[in-house]
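Q: Here the protein sequences line up with chains A and B, keeping their order. Per this note's numbering: the first sequence = residues 1 to 235. Per this note's numbering: the second sequence = residues 1 to 421.
Please keep in mind that the hints were generated in silico from the structure rather than gathered at the bench. Fair warning: there could be bad hints in the mix.
Stated by the list, open to error - Here are the simulated EDC-like pairs of lysine to aspartate or glutamate, each with C-alpha atoms no more than 20 Å apart in a straight line:
1. B:K413 to A:D57
2. B:K329 to A:D54
3. B:K18 to B:E319
4. A:K97 to A:E73
5. B:K228 to B:E315
6. A:K97 to B:E273
7. B:K413 to A:E28
8. A:K115 to A:D135
9. B:K241 to B:E210
10. B:K183 to B:D169
11. A:K21 to A:E5
12. A:K115 to B:E273
13. A:K97 to B:E9
14. A:K116 to A:D135
15. B:K241 to B:D271
16. B:K241 to B:D258
17. A:K116 to B:D169
18. B:K329 to A:D135
19. A:K97 to B:D271
20. B:K141 to B:E210
21. B:K329 to A:E31
22. B:K413 to A:E218
23. A:K97 to B:D5
24. A:K115 to B:E9
25. B:K413 to A:E5
26. B:K141 to B:D169
27. B:K121 to B:E168
28. A:K82 to A:D135
29. A:K66 to A:E123
30. B:K183 to B:E113
31. A:K116 to B:E273
32. A:K3 to A:D54
33. A:K3 to A:D135
34. B:K73 to B:E315
35. B:K287 to B:D271
36. B:K73 to B:E280
Unchecked claim - Anything over 10 Å on all C-beta distances counts as not near chain B; from chain A, calculated:
37. F12
38. A64
39. E73
40. N81
Being a predicted model, the structure only gives us computed values, none of them experimental. We treat Cβ as the ideally placed atom computed from N, Cα and C, and that holds for glycine.
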Amino acid sequence: MIKLENINKTYFGAQPLHVLKGINLNVEEGELVSIMGASGSGKSTLLNIIGILDNYDDGDYYLAGKLVKNLSENQAAEFRNKLIGFIFQSFNLIPFKTALENVALPLFYQGVNRKKRNMMAMEYLERFGLKDWADHYPNELSGGQKQRVSIARALVTSPKLILADEPTGALDSKTSAEVMQILREVNATGITMVIVTHESGIANLTRKIVHLKDGLIESIQENDPDKMDFTKEIK
Amino acid sequence: MFDLDNINEIWQTIARNKTRSLLTAFGVFWGIFILVVLLACGNGFDNGIRSQVEGFATNSTFIIPTNTTEAYKGYQKGRSWELNMSDMEAIRRKVKGVDMISPISSNYSYNGENNVFFGIKGSNFGMKGVLPNYNEIDRGKILYGRFINETDINEARKVCVLGKKVYEDLIGADKNPLGLMVKANGIYYQVIGVVEAYNANVSVGGSMNETVILPLTTMQIAYHTGDKFDFFVFTTARGYKTKSLQEEVKALLRERHDIAPTDDGAMMMFDFEQLFMVFEYLFLGIKILIWIVGLGTLLSGVVGVSNIMLVTIKERTREIGVRRALGAKPAVIIRQVIAESLLLTILAGIVGLVIGVAIMAVVAKFVGNTPSPDVMFLDPQIGFSAAIAATVIIVLSGLMAGVLPATRAIQIKAIDAIREE
């Protein structure tokens, strides 16, 4: 699903910052992978590159078999819209749109008509137990509800890949566990999932943990989350 | 572009900050409003001044013989000379570009006493002997009967057309004057019509309203002037220059009457075209000024919209970034920002246009649109073409206001939204 070959990325600022120094990584379809590392290790940059939010200087990145390199803004937008679902730490829901409108937004950019789009959005809200909250605005929802709305938004386009950047970073441990449970269930339906986190408790719920240090992959650890009682394990 | 979804999407962002949107929109509203009101007032003055000169052929030149000022061909200077009918023929034949030419003979009360009588009622009025075409140069409204016609001229009929005031003073405004006999300078004439000058302000040889108008030939016979007359007026045909025509006509007259070619003082000339040109330039100037002021006001409104939208875009960095991450293409973002500015501007502009037009319609109702000699402000409304122009300007300014914020908006990358501060 994801194939990274010798990815390099440097930020040219006042002082050039070589963030990624040759990343090689393979993620198969249906895998649940976490990327761990201290802040500044380059994990967010890596996720941005995988999510085609940022470009890279050197190397090759294949997503679903297609080379992702030097894409135009339009192509990148289309890739993101069709292939990738994003889940953010701070949810990034649009504050003046209801839960339903937020979920339906990616479909709007696909040109799906209003009726169909709202129907599909409602389906996903229902799946995450938010049917009664469909007409509420984000500031009327709890943290866990917001993250479930954003998961629904990530899934509504039926993407092949879900990218989650610290999905539990802004949540308490109980809701974190709920959200992780949902993500695992989503993954179980066959959607590839990459989670960036710095919490080992979260990483331990994934099958493959990629440890990142100073722009290089330090180790890739195979993991069996079913051996653990995750509800206790998180913090 | 403007399906319901998009409108909804745009409306949400505008309605989110109602006070701000309203204040921003006010700038555009005010700009258009001021433009409309100024244009309408400009038109009001234009109409008012024009009504003062309406009915008078604006391309006419009057030529009146005076005394020569140079000795020539054995004649002394200070000699008086007179126009005659063959002069008219000669001008017609030799000067190209003269449209209409109309000789006029005038007559007065010789000693300042009453000279025009109806029955025992008398008053003091001027008299003019004219050809039928005179009514095309100094146009009058026929209130009764008709104007002088060719038959009157050919048969030198003893008929007259009364000016409105002559008729009212002598006969009375409620009486049918046709067929009545009026005595003017000792001779009876039958009344064949009453005429009211379109314009009491512009005239040569006295207002038509206060004149008894006779056929020129009748006048010449009755007062023994042969084929002579006092002055004449000609108009310039389309495509000819009045200035050069005037020179040609004057040169011809000098030649025919043995006046020195350099003697400019031997005749008096009234050039109405020049007179009216001054008005034209005045109005052109006012119009230009109005557009500059109006568009300037509008421009400051547009800058306001643009400025506020820039701030809004800055505030919405995260939201726009999220939209980009979710798959919004740059064109979609541009479209949305420009559509926002368009919608705001168009709504505000149309309201400004409508209110401006409505207020001026009320003003116009008070002012009225009937010309009268002392009204300088008439029917202050903007025309359909000006309204269309205003609408086009509104749309253009909406687009203009949106360009800068839109370019700023597409500079926001998806990644900017994700960055945790």
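Q: Assess, step by step, whether the Cα of K97 of chain A is no farther than 20 Å from the Cα of E273 of chain B, and give holds or violated.
A: Measuring from Cα to Cα gives roughly 68 Å; hence the hint is violated.
Q: Mind verifying the non-interface call on E73 of chain A? Its CB should be farther than 10 Å from each CB in chain B.
A: 5 Å, violated
Q: Could you grab the alpha-carbon distance between K329 of chain B and D54 of chain A and see if it respects the 20 Å cut-off?
A: With Cα atoms ~15 Å apart, K329 of chain B and D54 of chain A stay inside 20 Å; holds.
Q: Given the hinted pair K141 of chain B and E210 of chain B, is their alpha-carbon gap at most 20 Å?
A: 14 Å, holds
Q: Hey, K121 of chain B versus E168 of chain B, does the alpha-carbon distance stay inside 20 Å?
A: 12 Å, holds
Q: Decide if the proposed pair is consistent with the structure: K18 of chain B and E319 of chain B, CA atoms, cutoff 20 Å inclusive.
A: 19 Å, holds
Q: Does E9 of chain B sit within 20 Å of K97 of chain A, going by the straight-line distance between their CA atoms?
A: 10 Å, holds
Q: Are the Cα atoms of K3 of chain A and D54 of chain A separated by 20 Å or less?
A: 16 Å, holds
Q: Between K183 of chain B and D169 of chain B, does the CA-CA distance stay at or below 20 Å?
A: 14 Å, holds
Q: Quick check for students: does the CB of A64 of chain A sit more than 10 Å from each CB in chain B?
A: 16 Å, holds
Q: Is K73 of chain B within 20 Å of E315 of chain B, Cα to Cα?
A: 93 Å, violated
Q: Are the Cα atoms of K413 of chain B and E5 of chain A separated by 20 Å or less?
A: 25 Å, violated
Checked against the numbered hints listed earlier, the structure breaks hints 4, 5, 6, 7, 9, 12, 16, 17, 18, 19, 21, 22, 25, 28, 29, 31, 33, 34, 35, 36, 39, 40; every other hint is satisfied.
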